[in-house]
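There are 2 protein chains.
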Amino acid sequence: MNPPVQLAALRRSLPEALLSALQSLFGERLSTAQAMREHHGRDESSYDPMPPDAVIFAHSTDEVATAVKLCGSHGVPIIAYGAGTSLEGHVLALQGGITIDLSQMNQVVAVHAEDLTATVQAGVTRKQLNQEIRDTGLFFPIDPGADASLGGMAATRASGTNAVRYGTMRENTLALTVVTADGRIIRTGTRAKKSSAGYDLTRVFVGSEGTLGIITEVTVKLYPQPEAISAAVCSFHTAADAVNAVIRTIQMGVPIARVEFLDENGVKAINAHDKLSLPEKPLLLFEFHGSENGVKEQAELVQDIAAEHNAIGFEWATRPEDRSRLWAARHNAYFALLQMRPGSRAISTDCCVPISRLAECILETKADCEKNGIIYSIIGHIGDGNFHVQMLVDPHDAADIARAEGINERMVGRALAMDGTCTGEHGVGLHKMDFLVQEHGEGAIDTMRAIKHALDPGNIMNPGKIIRW
Amino acid sequence: MNPPVQLAALRRSLPEALLSALQSLFGERLSTAQAMREHHGRDESSYDPMPPDAVIFAHSTDEVATAVKLCGSHGVPIIAYGAGTSLEGHVLALQGGITIDLSQMNQVVAVHAEDLTATVQAGVTRKQLNQEIRDTGLFFPIDPGADASLGGMAATRASGTNAVRYGTMRENTLALTVVTADGRIIRTGTRAKKSSAGYDLTRVFVGSEGTLGIITEVTVKLYPQPEAISAAVCSFHTAADAVNAVIRTIQMGVPIARVEFLDENGVKAINAHDKLSLPEKPLLLFEFHGSENGVKEQAELVQDIAAEHNAIGFEWATRPEDRSRLWAARHNAYFALLQMRPGSRAISTDCCVPISRLAECILETKADCEKNGIIYSIIGHIGDGNFHVQMLVDPHDAADIARAEGINERMVGRALAMDGTCTGEHGVGLHKMDFLVQEHGEGAIDTMRAIKHALDPGNIMNPGKIIRW
Chain A
1 MNPPVQLAAL
11 RRSLPEALLS
21 ALQSLFGERL
31 STAQAMREHH
41 GRDESSYDPM
51 PPDAVIFAHS
61 TDEVATAVKL
71 CGSHGVPIIA
81 YGAGTSLEGH
91 VLALQGGITI
101 DLSQMNQVVA
111 VHAEDLTATV
121 QAGVTRKQLN
131 QEIRDTGLFF
141 PIDPGADASL
151 GGMAATRASG
161 TNAVRYGTMR
171 ENTLALTVVT
181 ADGRIIRTGT
191 RAKKSSAGYD
201 LTRVFVGSEG
211 TLGIITEVTV
221 KLYPQPEAIS
231 AAVCSFHTAA
241 DAVNAVIRTI
251 QMGVPIARVE
261 FLDENGVKAI
271 NAHDKLSLPE
281 KPLLLFEFHG
291 SENGVKEQAE
301 LVQDIAAEHN
311 AIGFEWATRP
321 EDRSRLWAAR
331 HNAYFALLQM
341 RPGSRAISTD
351 CCVPISRLAE
361 CILETKADCE
371 KNGIIYSIIG
381 HIGDGNFHVQ
391 MLVDPHDAAD
401 IARAEGINER
411 MVGRALAMDG
421 TCTGEHGVGL
431 HKMDFLVQEH
441 GEGAIDTMRA
451 IKHALDPGNI
461 MNPGKIIRW
Chain B
1 MNPPVQLAAL
11 RRSLPEALLS
21 ALQSLFGERL
31 STAQAMREHH
41 GRDESSYDPM
51 PPDAVIFAHS
61 TDEVATAVKL
71 CGSHGVPIIA
81 YGAGTSLEGH
91 VLALQGGITI
101 DLSQMNQVVA
111 VHAEDLTATV
121 QAGVTRKQLN
131 QEIRDTGLFF
141 PIDPGADASL
151 GGMAATRASG
161 TNAVRYGTMR
171 ENTLALTVVT
181 ADGRIIRTGT
191 RAKKSSAGYD
201 LTRVFVGSEG
211 TLGIITEVTV
221 KLYPQPEAIS
231 AAVCSFHTAA
241 DAVNAVIRTI
251 QMGVPIARVE
261 FLDENGVKAI
271 NAHDKLSLPE
281 KPLLLFEFHG
291 SENGVKEQAE
301 LVQDIAAEHN
311 AIGFEWATRP
321 EDRSRLWAAR
331 HNAYFALLQM
341 RPGSRAISTD
351 CCVPISRLAE
361 CILETKADCE
371 KNGIIYSIIG
381 HIGDGNFHVQ
391 MLVDPHDAAD
401 IARAEGINER
411 MVGRALAMDG
421 TCTGEHGVGL
431 HKMDFLVQEH
441 GEGAIDTMRA
451 IKHALDPGNI
461 MNPGKIIRW
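Just so you know, the protein sequences line up as chains A and B, in that order.
Counting in the numbering used here, the first sequence runs from 1 upward without gaps.
Counting in the numbering used here, the second sequence runs from 1 upward without gaps.
If we strip away everything but chain A, and leave its shape as in the complex, we get (with noise of 0.2 Å):
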């Protein structure tokens, strides 16, 4: 599936004075080669590759704020390069350009476990950080699912499973360390828990995709580990049921610390790839934090719940390797359905609506894929109203593409109807910037635009993401 094709007609030639400045300052750190190049101009969408010209690997602020200044000095694109793992094309080369890879910049900074916190270098993944504080007794709870590196997931807003009781990257990034469009080295906060002291400068950059700087170093907030843990997997007959059961759970403030819904698809998807024997109807499966008895009368109180909405089955998983393997499933459950249909792509989306309308919406876009025919599964982070709809397209089908991006469509105008928002954590990338004009509207939209302008006058960072120049 190809990006518009007038894009190709906004590439930017890359100057060979550029070039040689970089490859003299990162030597093997560089590469023009055409396999890394092409791994470098895709993430996890279903767009074919927009590889840059050349990538290099950094590995220190300042060799970033030094390729910035070069490439700013140039006008040439400079694009931020984590794990890859985006969904909406995020990472794509539109105009050519440089791809600065952060990998390779993974050093965790500073542990401050007394103070609940922690400075990485920008490449270091949430697995990487949880191994690493093992021994703290604290962890990180953000799992947006894939290994992500915690730049990439500042940069996109990201969440997952464990926000409905932690929050976002919104709420638990305390600090950024940011290479600006001129190449100065800012720092947007400090390691208090809070703080009034001038604009929001972290939450400016935290979602801003690598369009506004380039994040180099992320504090992040840490949480002593729960005393005890528990989890539990419940079947229903009908998504609604499922769906119902977690807006009541939410209603009455159950500090539930996951619930991830899986549609009956989904469900048969993780069965096939996961070797499991799970019902194959819709699915909830919960995770309990707190004391002992706290996680007990939580879990006793959503089991009552349960009931009530026909819940066939509430199964304990307490011993850690059940836990591990159910998630593991969750986790899977992207790379599961993909096997459904050998050689096809996914198209995945996402969208967020307050709790009240989840249910409707859910079905409502269910509903959609089913008349279309299509294979999707639908699944959810549904404590905070956001899911997932996970479409398999043929790659050289426009017609199968086309039923997808209609269903996405309609799914995004329902949750805006309903006071939602286009996307709950995936971020807009280069596939949502219509739903996002949508969503927000001129005014707000034309307020966006002046602060991208004010923040990169010369359009290097990331162009062609999020709004239009």
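What the hints contain is simulated information worked out from the structure, not anything from laboratory work.
Ideal Cβ placement from N, Cα and C applies to all residues, glycine included.
One should not assume that every hint holds.
Simulated coverage check for chain B against chain A, where a stretch passes if three residues somewhere in it have a Cβ under 8 Å from a Cβ of chain A [said to hold, decoys possible]: (1) 167-174; (2) 291-301; (3) 420-428; (4) 448-454.
Listed next, the in silico BS3-like pairs over lysine-lysine satisfying Cα-Cα at most 27 Å (straight line) [what the hints assert, rightly or not]: (5) Lys127(B) / Lys221(B); (6) Lys268(B) / Lys371(B); (7) Lys296(A) / Lys296(B); (8) Lys281(B) / Lys371(B); (9) Lys371(A) / Lys281(A); (10) Lys221(A) / Lys221(B).
Per label pair, the in silico range of CB-to-CB distance [to be verified]: (11) Glu360(B) / Glu132(A): 19 to 29 Å; (12) Pro279(A) / Ala417(B): 54 to 64 Å; (13) Gly27(B) / Lys69(A): 54 to 64 Å.
Chain A is fixed; fit chain B onto it per the hints.
The following block gives chain B in isolation, referenced to the frame of chain A:
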């Protein structure tokens, strides 16, 4: 105490044409009376009033938009005014102009109990909102002490006693309606709990103190009233013991709802003002929210921690009237201290540091106050690492003021050296502009300035606050 003298030179003239245009629009809701202008030219800071040229009372977002357009076309400043409870000179009309009072925009626009959200006009106060939603079983937790307006609370990124559990206006504002400097009306978000849809305009305006736009409506999160609430007070021999008990509580992850510190001076003042008989020693005031069992468990844990830090007693206040009395006394602390020195004014400042440094920061600041022989108290939302120093000065005694400002400056220096912030919740206003530069550095300040220039190119929105033009 006057603002710097040279500011008077910045005062812009008020064109007759603007005044008559506003008069024909606002009629009796426009006032140029001296008393009205003076009332709107001051807040709770120690500055002498800097009155605007006129005050208008808006009744709708459209009226605000029209007023902003008119002011913009004449290059005249416009300053939003809510309850006038800010503390750093936020509403002083440094360059003259029009103050737009939003207190009559006091309608609760919508309560979506089933989604745990409410949308209110900017002039609705936090107490009014809680009164109006009482029957829904929900509450709005943010409590800065004063009965501030929600618009003002969003504009200053307010927080207060409950923030340790529920977060600040940063975390609890879902969307804003804002009149931008060009008089357009935008909405910055939706009612979805999370979103990755473009730049985070909500948080661009939260904390911008009226310098980027005027907030006319606020959509906030609500929470189920906890099943059980209990409160306790506990005295300590030393401030160090009290603060260290809180540090330990936070590090253990106890989900405490409120934990307030009052030093012995603060306790003395509220004893006198509220006719209480608390031991005149450093005090902690706790509140626990949760299930019956959860509250009991939290409280027992905290009681044990307090005992390990040599607490003197641990008294329960389970009856709502006892709790209310204690919290009322806490909220009166500011006025209570003022009465310790008749004719004085208070310089009230705050900072916020990483939790492990809190005892050190408070003790050094306390020692500095003692050394300088000033009448003061230190009070804090210390679960967040946030505390206040309130110092009484003779407004006619330059040496007295200089002494207090010296203490303030050293406190901020101390907080910044600990990777904290120059203000946890009061905001920058006029008083902390230099500290803001010290905290963020020139690069970050230039980034803020670029945003200000982009969103308010005519510098009409509350000019002279937060950052220098």
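To see whether the hints hold, each was checked on the structure:
1. 167-174: Held - the segment 167-174 of chain B has 4 residues with a Cβ nearer than 8 Å to chain A, which meets the minimum of three.
2. 291-301: Since 4 is at least three, the answer is holds.
3. 420-428: holds (count 9)
4. 448-454: holds (count 6)
5. Lys127(B) / Lys221(B): Holds - the C-alpha atoms of lysine 221(B) and lysine 127(B) are around 15 Å apart, at most 27 Å.
6. Lys268(B) / Lys371(B): Roughly 20 Å between the alpha carbons, so the hint for lysine 268(B) and lysine 371(B) holds.
7. Lys296(A) / Lys296(B): Distance ~15 Å between lysine 296(A) and lysine 296(B) Cα, so the pair holds.
8. Lys281(B) / Lys371(B): The hint holds at about 19 Å.
9. Lys371(A) / Lys281(A): This hinted pair holds, its Cα atoms lying about 19 Å apart.
10. Lys221(A) / Lys221(B): Status holds; Cα separation ~21 Å.
11. Glu360(B) / Glu132(A): 19 to 29 Å: holds (27 Å)
12. Pro279(A) / Ala417(B): 54 to 64 Å: holds (59 Å)
13. Gly27(B) / Lys69(A): 54 to 64 Å: Between glycine 27(B) and lysine 69(A), where Cβ atoms are some 57 Å apart, the hint holds.
When the structure is compared with the earlier hints, no violation turns up for any of them.
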